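J.: From first to last, the protein sequence lines are chains P and R.
Counting from 1, one number per residue, gives the positions in the first sequence under the working numbering.
Counting from 293, one number per residue, gives the positions in the second sequence under the working numbering.
Any given hint could turn out to be false.
Pairs of lysine-lysine, DSSO-like flavour, derived with a Cα cap of 30 angstroms [as the list claims (entries may be wrong)]:
id, chain 1, residue 1, chain 2, residue 2
1, R, K305, P, K145
2, P, K259, P, K61
3, R, K466, R, K377
4, R, K484, R, K466
5, P, K61, P, K157
6, R, K305, R, K484
7, R, K305, P, K259
8, P, K157, P, K145
9, P, K157, P, K259
10, R, K377, P, K154
11, P, K154, P, K61
12, P, K259, R, K377
13, R, K305, R, K466
14, R, K484, P, K157
For each label pair, taking beta carbons as the anchor points, the in silico distance ranges come out as [said to hold, decoys possible]:
id, chain 1, residue 1, chain 2, residue 2, range
15, R, P434, P, L186, 37 to 43 angstroms
16, P, L186, R, K418, 52 to 58 angstroms
17, P, D45, R, G423, 52 to 58 angstroms
18, R, R317, P, I104, 35 to 41 angstroms
19, P, S185, R, W485, 53 to 59 angstroms
20, R, Q476, P, P130, 22 to 28 angstroms
21, P, N42, R, P498, 36 to 42 angstroms
22, P, P183, R, L357, 26 to 32 angstroms
23, P, I56, R, V324, 46 to 52 angstroms
24, P, L134, R, Q476, 21 to 27 angstroms
25, P, G223, R, Q476, 22 to 28 angstroms
Derived by calculation from the structure, the hints in this document are not laboratory data.
Model, not experiment: these values are computed from the prediction.
For every residue, glycine included, the Cβ atom is placed at its ideal position computed from N, Cα and C.
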Amino acid sequence: MREGIRNTRNGILFISPWIVGFFVFIAYPILSSFYYSLTRYNVIDAPRFIGLGNYISLILKDSEFQVALANTLYMIFFGTIVITVATIAIAIILNSRNMSGASIFRVVFFIPTLIPLVILCILWVWMLQPQTGLINTVLSYVGIKGPGWLADPKLAKPAFIMMFLWTSGGAVIIYLAGLQDIPVSLYEVASLDGAGFFRRTFFITIPLLSPVILFNVVTYVIGIFQSFAESYIITSGGPNNSTLFYSLYLYQNAFQYFKMGLACAMGWILLIIAAGLIAFLLRMQRRFGYQQ
Amino acid sequence: MAAAAPQWRNYVKIFSQFPFLTDLRNTMILVVLNAVGAVISNTLVAYGFAKIEWRGRDAIFWVVLATIILPFQVVLIPLFIFYHKLHWIGTLFPLWVPAFFGNAFFIFLLRQFFLSIPNELSYAAKIDGAGELMIYRRIIIPLSGPAIATVVIFAFLRTWNDFIGPLIFLTDAKWYTLSLGAQQIMHNLDPKWDVLLTLGVMMTFPVLIIFFLLQKYFIQGIAMSGIKG
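Let the hints inform the model, and build the full structure from the sequences given.
T.: In structure tokens form, the structure reads like this:
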């Protein structure tokens, strides 16, 4: 088995950059993050072990943590519904054969995703200004007095969902690729059997697309949990903590209040929630979705 | 809203009101180092996963895939403390050194591409006495232009857009990137819209050009992340 040993040696040598990176930038930080999460630590003084104290105070006592978690779940629940429905609808329209100039629209939907994140945030603040912003100016032409989007605790989160929708051209591209994998013959047979557009959509397209839907939903959910720059730049969590999202509060704890232990506990809670959500979505897919 | 006449002066103003050249230089340093690091490390790692048969390979590849879903917030604080101990906070090191140690998404993308290259080519080279490194350099890399282009584009985009990395790891304005610099001049009371929007155009323009020139690789990378994922 000299060949086998040599291959193993070569294989490990080739992947060695990843092995080193995995231990230095992933495995060691995850483990030490768990250790720090059990301590009180402000970087200057040595960490002091307090057991599950951080977790207990976050979940039971910290009202801002609960607000941040609730805001994030709001974005996940409503955002997933709005964005999934809208992006699938756009993809189906772009994919239909009698749609001329589809490739141009494809580019149009994709362009917002090319704008650098910080610029995108600046652009939205500019567009959503109550008096002079583009959106309210357009609304005023049709006689609607536009609200103070980002100043209104009820409208700030929907404004964020609008912004995320505007930048989900990547999801449209992925849906389009998924749609093109569905055999045309299925639609032809269904049409012969008299199925109209809605039946074809709900009995062929959506079920066959479900693995791709799952992928996009998981990507979106992870994205929401990690989204930080948007709320940090646009609203700093305001008004009235209505856009205080999970990652922003984690950042504030770590780098503004220097509660590193508490922030690490938030990181671990995030890891557990994210893993749980993904496992749940995978199980849903396995039970109800289409299997390839 | 009174429509303002276009003012090309804004493009001059940006150099006096914003350290554009410094921030551009820093961003470009990071873009180049990240792209080079990503290509070197990930092609090697992907070769090890795609072109050499060895025991435990597929199990380890699953670990690579699992790290894709790891939220970076979990590792952020220990990394900050680690870099702090190395005296790397306030330098560019934390923003490019990790690129040389592999990235799960790029490894996945390149591995899929390498798998589509017929093994007969490698076997023939082996019979002629070529070692793995030679096959990697002389056969696989020259055939992988499109996949490498996709990696370079995405490494560029990620670095160009990155905000949280520079925000956390940079402390000194002389190392700020364009993203961080743009956010820093945006004050609540007096947002300098003319400067900010001009800067926005200047930061978006390179991305648009690359997109229109290399659209195929762009779409490929995105579709790839979804279809086989």
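J.: All hints, please: hold or fail.
T.: Quick rundown of the hints versus the structure:
no.: 1; hint: R:K305 x P:K145; in the structure: 35 angstroms, violated
no.: 2; hint: P:K259 x P:K61; in the structure: 16 angstroms, holds
no.: 3; hint: R:K466 x R:K377; in the structure: 21 angstroms, holds
no.: 4; hint: R:K484 x R:K466; in the structure: 21 angstroms, holds
no.: 5; hint: P:K61 x P:K157; in the structure: 24 angstroms, holds
no.: 6; hint: R:K305 x R:K484; in the structure: 11 angstroms, holds
no.: 7; hint: R:K305 x P:K259; in the structure: 41 angstroms, violated
no.: 8; hint: P:K157 x P:K145; in the structure: 19 angstroms, holds
no.: 9; hint: P:K157 x P:K259; in the structure: 27 angstroms, holds
no.: 10; hint: R:K377 x P:K154; in the structure: 44 angstroms, violated
no.: 11; hint: P:K154 x P:K61; in the structure: 25 angstroms, holds
no.: 12; hint: P:K259 x R:K377; in the structure: 18 angstroms, holds
no.: 13; hint: R:K305 x R:K466; in the structure: 20 angstroms, holds
no.: 14; hint: R:K484 x P:K157; in the structure: 25 angstroms, holds
no.: 15; hint: R:P434 x P:L186: 37 to 43 angstroms; in the structure: 41 angstroms, holds
no.: 16; hint: P:L186 x R:K418: 52 to 58 angstroms; in the structure: 44 angstroms, violated
no.: 17; hint: P:D45 x R:G423: 52 to 58 angstroms; in the structure: 53 angstroms, holds
no.: 18; hint: R:R317 x P:I104: 35 to 41 angstroms; in the structure: 36 angstroms, holds
no.: 19; hint: P:S185 x R:W485: 53 to 59 angstroms; in the structure: 54 angstroms, holds
no.: 20; hint: R:Q476 x P:P130: 22 to 28 angstroms; in the structure: 24 angstroms, holds
no.: 21; hint: P:N42 x R:P498: 36 to 42 angstroms; in the structure: 41 angstroms, holds
no.: 22; hint: P:P183 x R:L357: 26 to 32 angstroms; in the structure: 28 angstroms, holds
no.: 23; hint: P:I56 x R:V324: 46 to 52 angstroms; in the structure: 47 angstroms, holds
no.: 24; hint: P:L134 x R:Q476: 21 to 27 angstroms; in the structure: 24 angstroms, holds
no.: 25; hint: P:G223 x R:Q476: 22 to 28 angstroms; in the structure: 25 angstroms, holds
In this structure, the earlier hints numbered 1, 7, 10, 16 are contradicted, and the remaining ones agree with it.
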